[in-house]
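The hints should help you fit chain S onto chain A, whose structure is shown.
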Amino acid sequence: MTLTKDIDLRDRETRPSPPMTTFPATFSANTATDAGPVERASRTSAALVDLLEGLSQSWLWTTLAHQDLKLRYRGSILGPFWQTVTTGVMIASMGFIYAKLFHTPLQTYLPLLAAGLVFWQFASGLITEGCTTFYSVQGIIQQVRLPFSLHAYRLVYRNLLILGHNFVIVPIVLMMFPQPITWLRLLELGPGLGLIILNGVWISILFGMISARFRDVPPIVASIVQVVFFMTPIFWPADGLGRNRWLAEINPIYAAIDVLRAPLLGQPTERYSWSILLGITVVGCAASFAFFARFRARIAFWV
Amino acid sequence: MSFLRLRGVSVEFPIYQASSRSLKKLLLASSTRGNLGRDAHDRINVLALTDVSFQIGDGERFAVIGLNGAGKTTLLKVLAGIYEPTHGRFASSGKVSSLLDIQVGLNLDATGRENIILRGMYMGIHPYEMRERAAEVAEFTELGDYLDMPVRTYSAGMMIRLAFAASTCVPPDILIMDEWLTAGDAHFLDKAQRRVEAFVRTSSILVLASHSLELVERWCNRGILLHQGRTVTIGPVAEIISDYRQLAEIGTLPDLAAPLPSVEAAQ
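Taken in order, these protein sequences are the chains called A and S.
The first sequence maps to residues 6 to 308 in our numbering.
The second sequence maps to residues 1435 to 1701 in our numbering.
So here's chain A without its partners, still in its complex pose (with noise of 0.2 Å):
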């Protein structure tokens, strides 16, 4: 709650009282236009239009994730293959113990392992580089104009690609243990993947504007996602929980990493996972965009 009070106490101070008008600087390449004075209005629609070019810029974010996945394993002989192997070596060696510790067969406790693990990971990864969404490019930011939207289509796309890489891992499982999945199921993979990457880029807009300006806050996320890995139905079957089961139930991780485990498994997805998958990104999208839209131009004093 301090958060908020605080940004409000800001924003009084950094407009004061005497009616000064503020305009927004105008920044298009090519067509020299004299902003109005900014209202709530206006600065909504600079908000909307940074999105809006973030995503036009498109072939700009794709190749820099690229690069930063070269960059990042530059040197090694396995590339981004490496996350795989390190996911693969986890899942082989937690599969046998955690089955005997559950008193569960193999047969359905890797696939269920092997699904969750490389989803949490996307999940997870998301939350925690997404607080690094701003700060991690500030030389861009001190440097060149772009929109900022583009530094979290940038990150949200590189955990994409790291997923692909991760993925190989579950059709390998699958085949080994073959599970009762139905062709029609798997069409839910589109939507529920639509709806995590849509998360991913509230996520990484608010929690990376959050982060810019407060910098205790990425090592409190990133203490909370190690908690919540614990608490969250990925390499325990959620009906361990037994009367408890609603614990899971609510927890919107497992929801997002439900709604894409359990097709791959054929299992009956939880009855209220697409409620609250669907609900967090109505409310998550309109709470970053109202943030972003408010204090956008701040990023570029924060990082």
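Honestly, the hints are just simulated from the structure, not real lab data.
A virtual CB, placed ideally from N, CA and C, is assigned to each residue, including glycine.
Incorrect hints may have been included.
As the list claims (entries may be wrong) - The calculated lysine to aspartate or glutamate pairs, modelled on EDC-like cross-linking and capped at a C-alpha distance of 20 Å, are: (1) 1625(S) / 1570(S); (2) 1529(S) / 1631(S); (3) 105(A) / 244(A); (4) 1625(S) / 1648(S); (5) 75(A) / 1548(S); (6) 75(A) / 1582(S); (7) 1529(S) / 1563(S); (8) 75(A) / 1543(S); (9) 1625(S) / 1613(S); (10) 1529(S) / 58(A); (11) 1625(S) / 1573(S); (12) 1529(S) / 1494(S); (13) 1529(S) / 55(A); (14) 1625(S) / 1651(S); (15) 1625(S) / 1576(S).
Unchecked claim - Sample of chain A residues facing chain S (criterion: CB under 7 Å; computed from the structure): (16) 65; (17) 149; (18) 306.
Claimed, not checked - FRET-style restraints, in silico, Cβ to Cβ: (19) 1569(S) / 295(A): 47 to 53 Å; (20) 1561(S) / 77(A): 17 to 23 Å; (21) 193(A) / 1561(S): 35 to 41 Å; (22) 54(A) / 1542(S): 31 to 37 Å; (23) 1646(S) / 64(A): 36 to 42 Å; (24) 91(A) / 1578(S): 35 to 41 Å.
For chain S alone, coordinates are given in the frame of chain A:
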């Protein structure tokens, strides 16, 4: 036709981390006393620019000079579209290329050649197009085999060559440069000046911030002298340089809060 226009532009920002680099930079110069104020919550507010107005048109080579912490870099960032003014209005037309910090925008782990492509991408030039120009850029840098080495291994001078060559390979309508360029050697500076002159002739705009009066005299024809975020003089280079010398000697000018006659005249 390209232009940059500022009307009553002020930039004010609170500093949250008292130890941040930018604050240090601002505090370093004792002449910035007047810029810092503490608000009721003991946060430091930096009034980096106050009520700055001017217009730069086609073919102008505009200098920004002032003592440390005068607001030069902030002004360049406003012109480059990086900072949005807190008050006042800013309008521009033309494709901007800004060289504000050498290392910034360079990926230290990538090679010189990759950075040429990268720099182009940030300027909105597609890698396909940039690859065609890469040879020309490489030649301008005179870095030879170093271009295939990570930029991490470069000296400051080499980074400047790379950044300058890459940023100017497609003549921008507006080129905005901070003072670091002066770190280049004489041979490179000559070469850079020829290139800048070439595209200023084709009605582009150059904005240069520098402490080197010699460089300013050689490169620019008009300029602004800033002090503590306020305009002291806008006018021909000779005029702002003589005012700058006076300012540097006395350390301050009497009562800068009141608009100076020269400012009025320039507007």
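Taking the hints in turn, this is what the structure says about them:
{"no.": "1", "hint": "1625(S) / 1570(S)", "verdict": "holds (14 Å)"}
{"no.": "2", "hint": "1529(S) / 1631(S)", "verdict": "holds (17 Å)"}
{"no.": "3", "hint": "105(A) / 244(A)", "verdict": "holds (16 Å)"}
{"no.": "4", "hint": "1625(S) / 1648(S)", "verdict": "holds (16 Å)"}
{"no.": "5", "hint": "75(A) / 1548(S)", "verdict": "holds (12 Å)"}
{"no.": "6", "hint": "75(A) / 1582(S)", "verdict": "holds (16 Å)"}
{"no.": "7", "hint": "1529(S) / 1563(S)", "verdict": "holds (17 Å)"}
{"no.": "8", "hint": "75(A) / 1543(S)", "verdict": "holds (11 Å)"}
{"no.": "9", "hint": "1625(S) / 1613(S)", "verdict": "holds (17 Å)"}
{"no.": "10", "hint": "1529(S) / 58(A)", "verdict": "holds (16 Å)"}
{"no.": "11", "hint": "1625(S) / 1573(S)", "verdict": "holds (12 Å)"}
{"no.": "12", "hint": "1529(S) / 1494(S)", "verdict": "holds (15 Å)"}
{"no.": "13", "hint": "1529(S) / 55(A)", "verdict": "holds (18 Å)"}
{"no.": "14", "hint": "1625(S) / 1651(S)", "verdict": "holds (17 Å)"}
{"no.": "15", "hint": "1625(S) / 1576(S)", "verdict": "holds (11 Å)"}
{"no.": "16", "hint": "65", "verdict": "holds (6 Å)"}
{"no.": "17", "hint": "149", "verdict": "holds (5 Å)"}
{"no.": "18", "hint": "306", "verdict": "holds (4 Å)"}
{"no.": "19", "hint": "1569(S) / 295(A): 47 to 53 Å", "verdict": "holds (48 Å)"}
{"no.": "20", "hint": "1561(S) / 77(A): 17 to 23 Å", "verdict": "holds (19 Å)"}
{"no.": "21", "hint": "193(A) / 1561(S): 35 to 41 Å", "verdict": "holds (36 Å)"}
{"no.": "22", "hint": "54(A) / 1542(S): 31 to 37 Å", "verdict": "holds (32 Å)"}
{"no.": "23", "hint": "1646(S) / 64(A): 36 to 42 Å", "verdict": "holds (39 Å)"}
{"no.": "24", "hint": "91(A) / 1578(S): 35 to 41 Å", "verdict": "holds (40 Å)"}
In this structure, every one of the numbered hints holds.
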